[in-house]
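> Fit chain W with the ligands to the supplied structure of chain C, relying on the hints for placement.
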Amino acid sequence: MAILVYVEHDNAHLKAENLKLVDAATKMGSELHLLVAGYQCQDVAQQAATLAGVSKVLVADDAAYEHQLAENIGELVTELGRDYSHILAAATTTGKNFMPRVAALLDVAQISDIIKVESADTFVRPIYAGNAIATVQSEDAIKVITVRTSAFDAVEQSGSAVVEAISLSKENSLSAFVGAELTKSERPELTAARVVISGGRGMQNGDNFKLLEGIADKLGAAIGASRAAVDAGFVPNDMQVGQTGKIVAPELYIAVGISGAIQHLAGMKDSKFIVAINKDEEAPIFQIADYGLVGDLFQILPELEASL
Amino acid sequence: MKILVPVKRAIDYNVKVRVKSDQSGVDLANTKMAINPFCEIAVEEAVRLREQGIASEIVVVSIGDKACQEQIRTALALGADRGLHIETEQSLESLQIAKLLQKVVEAEQPQLVILGKQSIDSDNNQTGQMLAALCGLPQGTFASKVEISGDKVKVTREVDGGLQTVSLTLPAVVTTDLRLNEPRYASLPNIMKAKRKPLDVKAAADFGVELTSKVKLLKVEAPAQRQGGVKVADVAELVAKLKNEAKVI
Ligand SMILES: Cc1cc2nc3c(=O)[nH]c(=O)nc-3n(C[C@H](O)[C@H](O)[C@H](O)COP(=O)(O)OP(=O)(O)OC[C@H]3O[C@@H](n4cnc5c(N)ncnc54)[C@H](O)[C@@H]3O)c2cc1C
Ligand SMILES: Nc1ncnc2c1ncn2[C@@H]1O[C@H](COP(=O)(O)O)[C@@H](O)[C@H]1O
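Taken in sequence, the protein lines are chains C and W.
Residue numbering for the first sequence follows this note's numbering, starting at 11 and increasing by one per position.
Residue numbering for the second sequence follows this note's numbering, starting at 692 and increasing by one per position.
This is chain C alone, in the form it adopts within the complex:
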């Protein structure tokens, strides 16, 4: 049986996560179908058709799917998913929102946030904020899985899958989209960036995040934050890195004025290189940093920017 992979997009662009999601799928089986559900999302379908290893792209283009409402998408994926051995989505806020509905409606478990595929039925996932790693085996007929894409490699965009339209409209009368306030940024997305520089409570206020921007510009980096910085209102919620925020694994992660609580480490400790800048030499972040620099960030950041 084939594997159904749910494509993450904004109706115009394919998100970078999908390339890694497909990599995870190829480790479970060989026949991959992608599902693009959205509204006026034909461009996305065309982009999805280029992902290596994919044989078919199903497109459900309907106003009911414009905002990815969990009730509608959940019904759609449940109906289509009955014929598949695995249903996969990225462990993003979209995937986390509708996939458990699919699992419940199919009466199977969901396996959340996998970081490794051992075989078609055995998967590895972090628990306890990544302080323990569980290997689980599923005997469910259909495996419903969300994937931590940072743990997989991007596939090539060299394929040419068949694109097939699906006319299944799943409207619901109980939930409705009201609005969205999306953060606009010219920078790379946190979860896709090669370099991430994050600020914590030590930044003192939102204005001071400008000190990170100059460096981010020079390194082509995304900017992240600790929960403390978000809670204090320095920066918006979508910048939070950690157990309950975004999970990142860039080549270089620079933590500035962040103490290194386990919940923060859970979101970045798989980065290839970690730099910590903190004035407290006892800060736990130094225990996992490859390069630690003890000192006042207000002095260090301008110097760093100047020397890049």
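What the hints contain is simulated information worked out from the structure, not anything from laboratory work.
This one's a predicted model, so the numbers in the text were calculated from it and none came from an experiment.
Even glycine gets a Cβ: it sits at the ideal position worked out from N, Cα and C.
Some clues are possibly wrong.
Derived list of chain W stretches under chain C, where covered just means 3 residues or more per stretch with a C-beta under 8 Å from a C-beta of chain C [unchecked claim]: (1) 693–700; (2) 761–769; (3) 778–787; (4) 832–845; (5) 851–860; (6) 879–889; (7) 902–911.
Residues from chain C that keep clear of chain W, each with C-beta distances beyond 10 Å, as calculated [to be verified]: (8) Ala-12; (9) Ala-73; (10) Leu-90; (11) Thr-103; (12) Ala-130; (13) Val-146; (14) Glu-191; (15) Pro-198; (16) Arg-211; (17) Lys-220; (18) Asp-248; (19) Ser-269.
Just chain W with the ligands now, kept in the frame of chain C:
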């Protein structure tokens, strides 16, 4: 209106867990346990809705062994009215929890169910969504704001790109994110009062729900330990290391 709040007993968020040497799981003997932080936020939100005169009764339910009555008492001390303990020695998966909660929803008929978005032990982030699907209810997950007016609830959700707002027809399921509110501390008089609030106990086995999951835990290991690196003396040394040693800039 009535609000149902499922709360989970979980390891205290400050505790760093140890994996058992036989790889069968995590060593929880003598570790500090607490209400899962997201559930605490759920209780607080329900209490605020009652303080605003919107809710009239708050029922908390917890599924697990006897010890989770402690967390029910904590929720009662924070302001919930009544507790329900669904007792089982088995450790259940989210789907089984959601099926038990579905039975509670059918019996109690709450207008709103508020759950945490995620347990900090299993890190599943599933139960609320599963419950909503099983009950045929709309959901507002990862909520940072909840506003009720008439038969609707408007939920502001924390999503990857920023914020999204949805409007749901009650009854509905909401799951909490960290910034929904800051839970209060229980006062000593309220802790005393909570001891006298009603707490029903029922056996999970009596609900007619299949409690065994088809997912088997094969092993639990400690993560690869990251080696702490070196301290650099100044910015110049840092930049040199990043260029020449790590070769990442
Ligand atoms: C359920 C739950 C989930 C959570 N999820 C997350 C999550 O996803 N992500 C997350 O980040 N946190 C999360 N947390 C919060 C976490 O426990 C910590 O509270 C938080 O990470 C602390 O943020 P911080 O390091 O910025 O602040 P602090 O711990 O206050 O550290 C600030 C640091 O800045 C340094 N500093 C101050 N001034 C300067 C200066 N001038 N120069 C240099 N250094 C300076 C200080 O030495 C200190 O080490 C969660 C908590 C709970 C309970
Ligand atoms: N054993 C349980 N008893 C009561 N509520 C639970 C239990 N397990 C999970 N929940 C609820 O479901 C939420 C999400 O849990 P999870 O899906 O396990 O991450 C928790 O924050 C609780 O509100």
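> Decide, hint by hint, whether the structure agrees.
We went through each hint and held it up to the structure:
1. 693–700: n = 0 at 8 Å, threshold three: violated.
2. 761–769: violated (count 0)
3. 778–787: holds (count 3)
4. 832–845: Answer holds; 4 residues pass the 8 Å Cβ test.
5. 851–860: Contact hint for the region 851–860 of chain W vs chain C: holds, 10 residues under 8 Å.
6. 879–889: violated (count 0)
7. 902–911: As far as the region 902–911 of chain W goes, the hint holds, because 8 residues have Cβ atoms under 8 Å from chain C.
8. Ala-12: holds, 21 Å
9. Ala-73: Consistent with the label, Ala-73 of chain C stays out of reach of chain W, its closest Cβ about 16 Å off (over 10 Å).
10. Leu-90: holds, 16 Å
11. Thr-103: violated, 4 Å
12. Ala-130: Its Cβ never comes within 10 Å of chain W, the nearest being 14 Å, so this holds.
13. Val-146: Violated: least Cβ distance 5 Å, not greater than 10 Å.
14. Glu-191: Its Cβ does come within 10 Å of chain W, the nearest being 5 Å, so this is violated.
15. Pro-198: holds, 14 Å
16. Arg-211: holds, 15 Å
17. Lys-220: holds, 18 Å
18. Asp-248: violated, 5 Å
19. Ser-269: Nearest chain W Cβ is 13 Å from Ser-269 of chain C, so the label holds.
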